[in-house]
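Model the placement of chain U on the given structure of chain E, informed by the hints.
In order, the protein sequences belong to chains E and U.
Position one of the first sequence corresponds to residue 1 (this note's numbering), numbered consecutively onward.
Position one of the second sequence corresponds to residue 1 (this note's numbering), numbered consecutively onward.
Keep in mind that a hint or two might mislead.
[To be verified] From chain U, some residues computed to sit far from chain E (all C-beta separations above 10 Å):
#1 R37
#2 Q77
#3 P87
#4 E96
#5 R117
#6 D120
#7 S121
[Claimed, not checked] Derived lysine-lysine pairs resembling BS3-like cross-links, with alpha carbons at most 30 Å apart:
#8 E:K89 / U:K58
#9 U:K58 / U:K4
#10 E:K89 / U:K4
[What the hints assert, rightly or not] Residues of chain E placed beyond 12 Å of chain U at every Cβ, according to the derived structure:
#11 E8
#12 V104
#13 D108
It should be emphasised that the hints constitute simulated quantities derived from the structure, not laboratory data.
Glycine included, each C-beta is placed from N, C-alpha and C at the ideal position.
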Amino acid sequence: MSAPAASEVAVGDSVTPFSRTVTQEQVHAYADASGDHNPIHLDPDFARSVGLPGTIAHGMLEMGILAEAIASWAGGSANLLSLSCRFSKPLLPGDTIICTGTVVSIDDSGVATLEVAASSDRGDRVLTNGRATLRPSR
Amino acid sequence: MPDKSHVGRRYTAAGQRVAPESARAVAQAIAGATEVREPDAVPPTFAAVYCLGPTLAKLFSDSEVGMDLAGLIHGEQSFEWPEPVRPGDVVDATAEITGVDTRRGMTFVRLAMEAVRPADSAVVCRGTSLMIVRAPA
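Chain E on its own, in the form it takes in the complex:
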């Protein structure tokens, strides 16, 4: 893995392109692992009854994939200081989530701020208004 140390990160650098296809099986696994068994993620009939096109992935599963995309580029999850995003559009099982990020600033203490986002292969902007910060290298 060619992950940069945080000290090597520069404004304008981009997170290594990262994509992952999310399956219904994976959504079930996330529900079991996280304890979030909301039926909008698991039961297609229930999901349709509340106006969704079918089951949708957990927002926190998507955010977890985004965190992994950033961390794997930034030298490990311990380097991730913060992450925030808006869950703008649902990700449907079978969709591929595509995570992106660019370093927009580095402050005097060495904390790098990235604008981050995720979209689906069907063109939906899934995670928007994303921000991540990286710890300064120790």
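Showing chain U alone in chain E's frame:
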């Protein structure tokens, strides 16, 4: 249904164990069919399990607030990890309702949360959430 009178309500879920096997299960679920890259680490968003989930459960069971779970959407989430959480840690999680607004028939509930490791008083996670309750159809 939540309203402004509920702002300031706090929910505490003490003694949340960051179980290594649970952290690994979440990491594997995030990885899907791929290999977990950091098998011995706690995935950052495992905060959903030790901080967000248990405090939300307290909010959802607060009958005076009366959140309608059938129409609930997770709108936004932020996490900050001032100190990395470690497998086996036990943390006390708290959440507070910081805002309630109603627009176009939807109710927007804002929360701020924190997880503290009592062993060394370290704040291992701070976060904010936006939960959106849609009007019944």
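Hint check:
no.	hint	verdict
1	R37	violated (6 Å)
2	Q77	violated (6 Å)
3	P87	holds (12 Å)
4	E96	holds (18 Å)
5	R117	holds (16 Å)
6	D120	holds (17 Å)
7	S121	holds (19 Å)
8	E:K89 / U:K58	holds (27 Å)
9	U:K58 / U:K4	holds (18 Å)
10	E:K89 / U:K4	holds (27 Å)
11	E8	holds (19 Å)
12	V104	holds (17 Å)
13	D108	holds (18 Å)
In the structure shown, a violation is registered for the earlier hints numbered 1 and 2, in ascending order.
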